[in-house]
Amino acid sequence: MMWTDRIRQVKIILVVTAIIIAVASLVVSHILIKDLSNEEHNKMVTWAQALNTLNNASENTDLTLVLNVLKANNTIPVIVMSSKGDICDYRNIDINESNANDSINALKKQAQSYYQSGKYIKIDLDGTTDYQIVCYDESIMLKRLATYPYVQLGIVLIFVVIAIFALLSSKKAEQNKVWVGLSKETAHQLGTPISSLMAWTEILKESYPDDEMIREMEKDVRRLEIIAERFSKIGSIPEPKETSLNEVVTHVVEYMDRRTSSKVKITSNCGTDNNIIVNINTSLFEWVIENLCKNAVDAMEGKGNIDIYTYQEKEKTIIEVKDNGKGIKRSDIKNVFTPGFTTKKRGWGLGLSLAKRIIEEYHKGKIYVKESEIGKGTTFRIELPIT
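This note's numbering puts the first residue of the sequence shown at 1, with every later residue one more than the last.
Quick caveat, the hints were computed from the structure, so don't treat them as lab data. Keep in mind it's a predicted model, so treat the numbers as computed, not measured. Please note that a few of the clues may not be correct.
Said to hold, decoys possible - Cβ-Cβ distance ranges computed for the label pairs, FRET-style:
no., residue 1, residue 2, range
1, I12, R91, 50 to 56 Å
2, Y368, E239, 23 to 29 Å
3, D102, V16, 50 to 56 Å
4, H41, G85, 20 to 26 Å
5, D332, L36, 48 to 54 Å
6, R258, K205, 33 to 39 Å
7, Q189, H251, 22 to 28 Å
8, K366, E212, 39 to 45 Å
9, E225, G154, 54 to 60 Å
No residue lacks a Cβ here, since even glycine has one placed at the ideal position from N, Cα and C.
With these hints in hand, go ahead and build the complete structure from the sequences.
Below, the structure written as structure tokens:
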């Protein structure tokens with residue numbers, strides 16, 4: 001639970017940091033673009049004044065500075081129109097020289113677009129009521145700069161996604177190492193007492209050959225041996241075999257039925273499919289069903305019904321474990337398979353996460369909470385591909 005909270009906090013910090021960087025970048029870029037836009041506007045005002053001076057020049061006017069100002073504009077697109085809408089001049093705009101009429105019409109459309117966006121300067125011609133309109137657009141450099149913050153925002157988001165993925169991957173690898181080491185050590189520690197119990201059981205059988213309790217003890221000892229074997233295999237690739245699913249479920253029901261309260265009723269509902277064959281590792285798969293049943297018993301507080309359904313649907317084999325316990329909060333459903341998450345006062349919160357790994361990684365299936373309602377119960381659903 002604590003690690004889940006830390007992961008969530010790290011994610012939040014990364015996202016907030018990305019948002020702050022993105023917003024700061026957008027604000028700074030917006031200010032810079034606005035300043036450059038104002039500077040280009042001032043340049044065009046100067047350029048328009050130079051053009052006006054050229055149009056109204058007298059014999060005594062020194063045109064050197066005027067021409068230098070006009071020639072200095074090599075980046076800002078400019079179209080000069082007369083008061084009647086005719087094209088007088090243009091600069092820094094590519095046109096099709098082979099078709100003059102189309103080029104003029106294209107220039108007129110562009111000029112109208114600049115004019116409607118408010119990017120124009122009106123020049124009055126001296127001695128007349130006539131005038132010219134200098135229409136201009138932003139330079140290519142300014143347009144490219146305007147897209148820069150969005151590119152930067154994309155890079156920041158990619159960085160955040162990669163950071164979160166790397167964080168989760170490293171933690172998952174660390175968890176896997178801990179689980180494998182803990183599991184193998186547990187199997188090793190269980191080996192000696194299980195061997196002793198098996199020997200004592202054989203001795204008791206010789207002394208009391210007809211005692212039914214000794215046979216049940218022997219079954220439990222064998223069960224411990226199977227459990228130790230399961231732990232020892234964690235971390236290695238299990239070997240699936242074609243198995244009767246209904247036999248597996250029946251075996252789990254019989255085992256759980258003898259070891260739970262008489263107030264808990266566990267029922268196997270195989271439907272019309274009497275013999276569903278699945279490719280599974282029996283030992284690990286039985287553990288998953290047992291874990292779901294044990295969680296259901298805890299949720300019902302030792303009293304209620306557990307129904308296990310098995311059937312085939314299209315290209316999937318379905319196993320559903322349904323109980324009438326206390327249910328799961330809607331906010332907790334997405335976390336039930338997270339390592340360390342538990343609602344029990346005592347528990348490590350590893351059972352369902354391990355069950356998910358067994359089903360999804362080892363059996364290429366899917367396990368999830370199909371439905372759950374507070375006070376009415378929960379249904380877990382397992383889907384296995386039909387091979």
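Comparing the hints with the structure gives:
Range check, I12 to R91: Cβ separation about 52 Å, and the 50 to 56 Å hint holds. Y368 and E239 have their C-beta atoms about 26 Å apart, which keeps the hinted 23 to 29 Å range intact. Separated by about 53 Å at the C-beta atoms, D102 and V16 satisfy the suggested range of 50 to 56 Å. At about 23 Å, the beta-carbon gap between H41 and G85 stays in the expected band of 20 to 26 Å.
The supplied range of 48 to 54 Å is met by D332 and L36, whose beta-carbon atoms lie about 53 Å from each other. The hinted range of 33 to 39 Å is not satisfied by R258 and K205, whose Cβ atoms lie roughly 19 Å apart. Taking 22 to 28 Å as the suggested C-beta distance range, the pair Q189 and H251 conforms, at roughly 26 Å. Taken as a hint, the range 39 to 45 Å holds for the pair K366 and E212, whose Cβ atoms sit roughly 41 Å apart.
Separated by about 56 Å at the C-beta atoms, E225 and G154 satisfy the suggested range of 54 to 60 Å.
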